[in-house]
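K.L.:
Chain by chain, the residues run as shown.
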Amino acid sequence: AQKVTQAQTEISVVEKEDVTLDCVYETRDTTYYLFWYKQPPSGELVFLIRRNSFDEQNEISGRYSWNFQKSTSSFNFTITASQVVDSAVYFCALSEVNFGNEKLTFGTGTRLTIIP
Amino acid sequence: EADIYQTPRYLVIGTGKKITLECSQTMGHDKMYWYQQDPGMELHLIHYSYGVNSTEKGDLSSESTVSRIRTEHFPLTLESARPSHTSQYLCASSLPLGLAGGTFFFGPGTRLTVL
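If you're matching them up, the sequences are chains A and B in order. Offset between the first sequence (1-based) and the numbering used here: plus 61. Offset between the second sequence (1-based) and the numbering used here: plus 375.
Read the hints as simulated data drawn from the structure, not as lab findings. Don't take every hint at face value.
Said to hold, decoys possible - Reference excerpt, derived from the structure (chain A facing chain B, CB under 8 angstroms, subset only):
(1) GLY104
(2) PHE108
(3) PHE115
(4) LYS164
(5) LEU165
(6) PHE167
Stated by the list, open to error - Only pairs whose alpha carbons sit at most 25 angstroms apart, straight line, appear in this in silico SDA-like list of lysine to any residue:
(7) LYS64/A <-> HIS419/B
(8) LYS99/A <-> ASP378/B
(9) LYS164/A <-> GLU105/A
(10) LYS64/A <-> GLY415/B
(11) LYS64/A <-> LEU470/B
(12) LYS432/B <-> THR390/B
(13) LYS131/A <-> LYS164/A
(14) LYS164/A <-> LEU420/B
(15) LYS164/A <-> ASP79/A
(16) LYS64/A <-> GLU417/B
(17) LYS164/A <-> THR452/B
(18) LYS99/A <-> THR488/B
(19) LYS164/A <-> GLN463/B
(20) LYS64/A <-> THR390/B
(21) LYS392/B <-> ASP413/B
(22) LYS392/B <-> PRO450/B
(23) LYS64/A <-> GLN130/A
Stated by the list, open to error - To give an idea of the chain B side of the interface with chain A (calculated C-beta under 10 angstroms), a few residues:
(24) TYR423
(25) ARG457
(26) PHE481
(27) GLY484
C-beta: ideal position from N, C-alpha, C; glycine also.
Generate coordinates for the entire structure from the input sequences, incorporating the hints supplied.
P.N.:
Structure follows, in structure tokens:
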């Protein structure tokens, strides 16, 4: 069975600081997808990134970067120079590629608060 | 950008009422899902569908039921609402494998309160 662990329940940092959100996953599949979603106070889930298990290249998008390490089953998310608008709950998620049966399993989320 | 809609956004009802939460998507996605999010933030899959006339129960047991008569529509029904059903309900649809890797797109959610 697949599992996603986000050990950090809540994080608070002062604006402009860098912050890293941790994500560790478990799966028996060799092919899978990892995701990060952002949930602002309005409640909707906003897709941030998808990474497949064969692509271990790190990715940068503006102030956001993701570090995927298969050796440690981790997919960490870093926000550089944080801003108040980054305050939200962030979810890491895993989808196994069991053809015809893929489902998305979420971690418990990390509530990030950026202090002005 | 995905187009997936949920109505109502907020609902406050009394115990024992029957309710239906609506979910529609305009992308023609075959796969659709319902997630329940408790106040502690955790998201749990309660129902999913892989196409018309296909419905399956998810990982978390739920007293709700779903139907999938049309590709674009995946409503969730509670026959008799109880306070324990108070939660946020999120609907999602996904692209097929091999096409953007099964990315899930979520609706804005329905926040249900049962008094």
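K.L.:
Which constraints among the numbered hints does this structure fail? Numbers only, ascending.
P.N.:
3, 15, 20 and 25
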